[in-house]
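Taken in order, these protein sequences are the chains called A and B.
Going left to right, the first sequence walks through residues 18 to 656 as the working numbering numbers them.
Going left to right, the second sequence walks through residues 18 to 656 as the working numbering numbers them.
No lab work stands behind these hints: they were computed from the structure.
A quick note: this is a predicted structure, and the numbers were derived from the prediction, not measured.
Check the hints yourself; a few may be wrong.
Any copy will do: because identical chains look the same in the list, a pair fits if it lies in one copy or spans two.
Listed next, the in silico BS3-like pairs over lysine-lysine satisfying Cα-Cα at most 30 angstroms (straight line) [unchecked claim]:
hint, residue 1, residue 2
1, Lys-314, Lys-39
2, Lys-145, Lys-168
3, Lys-334, Lys-50
4, Lys-224, Lys-504
5, Lys-50, Lys-504
6, Lys-450, Lys-246
7, Lys-454, Lys-501
8, Lys-296, Lys-233
9, Lys-284, Lys-69
10, Lys-39, Lys-454
11, Lys-435, Lys-233
12, Lys-233, Lys-50
13, Lys-289, Lys-607
14, Lys-454, Lys-334
15, Lys-607, Lys-435
16, Lys-501, Lys-512
17, Lys-221, Lys-314
18, Lys-69, Lys-285
Here's the letter readout for the chains.
2 protein chains.
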Amino acid sequence: MQVEGGYWGRILRVNLSTGEIKVEPLPEEFPRKYLGGVGFGTRLLYDEVPAKADPLGPENKMIITPGLFVGTGIGTGSKTAFNFKSPLTGGYGRSMAGAKMGEELKKAGYDVLIIEGQSDEPVLLYIKDDEVKLVPANDYWGLTTGEARKKAKEEYPGFATAFIGPAGENLSLISIIDTDERQAARGGPGAVLGSKRLKGIVVKGTKKIPIAKPDKLRELIFYWAKVFKDHPATKADMDYGSGEFLDWMNRERGTFPVRNWQMGFFKKAYEKLKEMQEKGLQFRVHIEIDPYYWAPKYRVGRRPCPMCNKPCSQYVKVESERWGTFMVDGPEYETLYSFGGALELDDFETVAYLNYLADELGLDTISAGVTIAWAMEAYERGLLTKEETDGLELTFGNGEAAVEALKKMAYREGNLGKLLADGVKRASERLGKESWKFAMHVKGMEPPAYDVRGIKGMALAFAVSVRGADHLTSGAYGTELVGKWWKFEGVDRTKGENKGFEIAFHENLMAVYDATGTCKFSRHMYFLEGFPDLIEAVTGMNIGEAELMVIGERIMNIARAFNVREGFTRKDDTLPYRIMWEPIPEGPSKGLHVPPWELDRMLDEYYQARGWSRDGIPTKAKLMALDLPDIADDIGAGI
Amino acid sequence: MQVEGGYWGRILRVNLSTGEIKVEPLPEEFPRKYLGGVGFGTRLLYDEVPAKADPLGPENKMIITPGLFVGTGIGTGSKTAFNFKSPLTGGYGRSMAGAKMGEELKKAGYDVLIIEGQSDEPVLLYIKDDEVKLVPANDYWGLTTGEARKKAKEEYPGFATAFIGPAGENLSLISIIDTDERQAARGGPGAVLGSKRLKGIVVKGTKKIPIAKPDKLRELIFYWAKVFKDHPATKADMDYGSGEFLDWMNRERGTFPVRNWQMGFFKKAYEKLKEMQEKGLQFRVHIEIDPYYWAPKYRVGRRPCPMCNKPCSQYVKVESERWGTFMVDGPEYETLYSFGGALELDDFETVAYLNYLADELGLDTISAGVTIAWAMEAYERGLLTKEETDGLELTFGNGEAAVEALKKMAYREGNLGKLLADGVKRASERLGKESWKFAMHVKGMEPPAYDVRGIKGMALAFAVSVRGADHLTSGAYGTELVGKWWKFEGVDRTKGENKGFEIAFHENLMAVYDATGTCKFSRHMYFLEGFPDLIEAVTGMNIGEAELMVIGERIMNIARAFNVREGFTRKDDTLPYRIMWEPIPEGPSKGLHVPPWELDRMLDEYYQARGWSRDGIPTKAKLMALDLPDIADDIGAGI
């Protein structure tokens, strides 16, 4: 490598069909052009997984790329990217996790791990520095993620782990990979490993990650530690986790999706408030799923991502009559929505138990919750019979029924399990009866906890996101909801104007976060300005802010090109029927929705900002300008 | 300034109306955002010269910005930008010269000189370090550039100079500024100074230009000196100057415009060749204006730009019966066309004399020659009477008539002088009679020596150039004519496809050259890769290649925005009638022309590559992405 530090210049390639294990050089141009993490992953995915490959066949790959900062000690720089063709969307798949295994992989001497082919028998991938082998894993197959992790920690003490649960084994399209209680969740990565019969990975490294300027890096790490410490968001995260703003989203903005997006807020919170006011009382807390209620009450510790400067982890212990005693990290904001709001279930212990179960069984909490919410609506509407629910009384707010449904999904058990195992799009296709009208998804992926009818920039972000309905590809929800951030002023969440550049810019910036492996909750600290010095300290490369944005734009264009090659066009950049046609019925965002003509206008703006064709295809000119001439040849649009 | 070297952080502002002289700080963000030279100049011009300002009124400004490398010793880094609203085009005006005065200005402690307002009486601007004053200059008014320079060198020994000639005084719209025998020529900068009654500038500096890393810079200078020395183009330039490839353009490509663009080559060269072949002879030289003929014969020395590593200067002495004895630097390739090819005048001594006269009188050789060529065609067609030519037999090839015409133009003398003084667009408007059909110009500016009917990418470059028909804004002629360069392969000059990105890319790259003040004849040595190290040595700033291209793109977008604010749109991005409708009649490029539909296709491609609207307006999204939010507000196109 021409760079001084930060990279080993080594790709570890493991073929599960042949058993072949190889170390290959990282292409010379990769560091400057793609930085690392999702940058490497996206480029390799485009190059290595051919168009129309079966996502659950041997041609798909799981490309694991720790971010550039992983293992360097840079605060929040713990994110490892899992890159794959998504079986859920049929397009570009990317899932990030603050995975200990990413750090160990780097310490073992690898920048990238490519897993390809398909094993006949269940296996584990064992990596210890230069010793890499496939180990038969029949005794792991069938275990939950927690059981597998516990067993592995005994057999391979000191190793970091990654495991799929029963849902991944059963090829659920919404199944996850659990990496030491951090989940690479979205888009079905668990099913990809399941299809390869790779139950998990255990990895340990003992090498020292090369750093170009260790003294400078140390200084910067101290500097940033203080910045984080002094930032008000740090305390909020530490006290209440990522759900800290749930009440605000619910009552102030009315954009917290409830009852499978029939409502934009938890009405109960208002009722409670009114009741208190009538009694002359004032309390901060009006619903149970608000962390202001449960975090102080249930938290027993923290299990943050490695090197976190602003740990949002709320490790809780629940001793419940119904669910017994269990511990779980979370629930995150998104899970408080998917198992709380979406199910209209304001019962913290049950929500936490659903979270625990989903992690253990290996299901994406967002996708699983939204799918169950859909089933509840279908049941209440009489579209789903009791026979089809295997006898469950699947009504909103019924926590017991949700727990049963979740278990069935992981095992494809009974009528209900078979119906719901692959997420809401497949479920609605299987059920028919116009149930697609309330199936909440974009490109097959279930949306996170932002009622984008009242956050119109995020509606655009959902529609265009390369991996389906997704808050993290753009990370623009804060800007939209607060109305300003950094370079953005006067953002109006209720209008569909001026969103194109905003979303494209945020996406490019977030791609830089994903390439460095930095947590997006740090974007109010590092912004973009923080990166050039950190990158220089780690690698010796001097990359200015403008060039970083070019790298981000390059990554986003490759991801889009991957989808274009699969046949995605403008028609796929759409929104669920409910978001387009059913206004939020009450509350602060009452009356808002995103009709197709408004979405069309936003798409025009976005494609223009991206320099893409009106059909949403990256132009040859844009791809050439991003120094991607081969992709320009492959898919570039002409005039 | 936050940077370590390269800049003083000082703007010298001279108001000729009030006599006020001020030093102002260079805005903090300028170095990283605009680099220097034309980058500073373009931004300041946009900010300071209001829309619809009279180019010859007090609101116009002459903003003189030495390139970042000027005075640092970096090879060919001698170019100073003269930025102004062009009286010739009514739009963005920029003219570069290897001006000694730029270096002295920097040594005097200024990054930028802004001249504004209008003096009642002729004045000189005197600058010696911190001593800056306006000196009455009645005794200079009326002198030729050479006479004024000679007088100034006596009165202000050791000073660098810049002067306008009689043409500038008489507000000819094609008049130049002569800076110690280097001309800032295109777009009428002479008239801008003439309108301000500023005859000239004398400047001397004694300060040491701040350099961030002098040792590193010294090393790099030696390194590049060797690269230049070993490069084959250096010898060709030294032996024959910029006209070295004239014969190739004429005979191999058939794209050397002759007889006011009625022909794509000098037929005489073929005839001579045939004659020789019949005699069994072989000579390299077939026409007199080919430097292979005249350079060895007439050259008496070299007067290169400061710090030139590949001097193309051919200083010639002509002892002529008709024209007496004179010395002149040149003629350059463009002048061999404008006074040679365009007039079908294969008489070196007369071409050189016309060059000498144009420099002395203060006229742009390209524009003046093309204007006379038009008059010759009009005369031969009977559209121009002998009364209108003041009795001149203004036929092609008539050198004496051309000399007389040129003198008349500079002084607006007689019918012919009044007709031709302001270039070909005004002349054809004054004459009428459909003479516009063979008036060669884009946006009012006369084209250089590339018959773009056979170089279609350059046809696009002519059409879209912010300053009118122009080879230097894109510098793409080499790529087009050779068919490849650097990142470009398989370029087909005969077809109108795939030109949009090519031209946009070249323009952005050339803006980097103009910002650093590097000669474009160095683009085969430095390409883009050479700049980051040089910029770091000079300024301490680490700016990678991708960011440099963003800076170039930013500059080009501001220049375009300047024109948009003046009312320019797609309709102005057009070509002369002859280029669109009259194919090259003979030779290697026979039959080629650029019909409007082909131009339209190229414009579509170019606007797409630029991220502009189909009407050629920079979009808000593009301007925001370039961190130019104020300009986005001013002129940015929506969807």
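Within, between, both or neither: how does the pair Lys-296, Lys-233 come out at a Cα-Cα threshold of 30 angstroms? neither (59 angstroms within a copy, 76 angstroms between copies)
Checking an output row: Lys-334 and Lys-50, CA cutoff 30 angstroms. Within, between, both or neither? neither (45 angstroms within a copy, 53 angstroms between copies)
Give the relationship of Lys-69 and Lys-285 under a CA distance limit of 30 angstroms: within one copy only, between copies only, both, or neither. neither (47 angstroms within a copy, 62 angstroms between copies)
Please work out whether the CA atoms of Lys-607 and Lys-435 approach to 30 angstroms or closer within one copy, between two copies, in both situations, or in neither? Answer is neither; intra-copy 36 angstroms and inter-copy 72 angstroms both fail.
Alpha-carbon proximity context of Lys-145 and Lys-168, limit 30 angstroms: within (18 angstroms within a copy, 82 angstroms between copies)
Alpha-carbon proximity context of Lys-50 and Lys-504, limit 30 angstroms: Both, since 25 angstroms and 16 angstroms are each at most 30 angstroms.
With 30 angstroms as the alpha-carbon cut-off, assign the pair Lys-221 and Lys-314 to within, between, both or neither. neither (36 angstroms within a copy, 77 angstroms between copies)
Measure nothing new, just compare the shortest in-copy and cross-copy C-alpha distances for Lys-224 and Lys-504 to 30 angstroms and report within, between, both or neither. neither (41 angstroms within a copy, 39 angstroms between copies)
Using 30 angstroms as the alpha-carbon threshold, which applies to Lys-501 and Lys-512: within, between, both, or neither? within (14 angstroms within a copy, 48 angstroms between copies)
My question is about Lys-289 and Lys-607: at a cut-off of 30 angstroms on alpha-carbon distance, are they close within one copy, between copies, both, or neither? The answer is within: 20 angstroms in one copy meets 30 angstroms, while 86 angstroms across copies does not.
Which holds for Lys-450 with Lys-246 at a C-alpha limit of 30 angstroms: within a copy, between copies, both or neither? neither (54 angstroms within a copy, 79 angstroms between copies)
When no copy is named, should Lys-39 and Lys-454 be tagged within, between, both, or neither for a Cα gap of at most 30 angstroms? Intra 48 angstroms, inter 69 angstroms, cutoff 30 angstroms: neither.
Figure legend: structure checked against the earlier numbered hints; hints not met, in rising order: 1, 3, 4, 6, 7, 8, 9, 10, 11, 14, 15, 17, 18.
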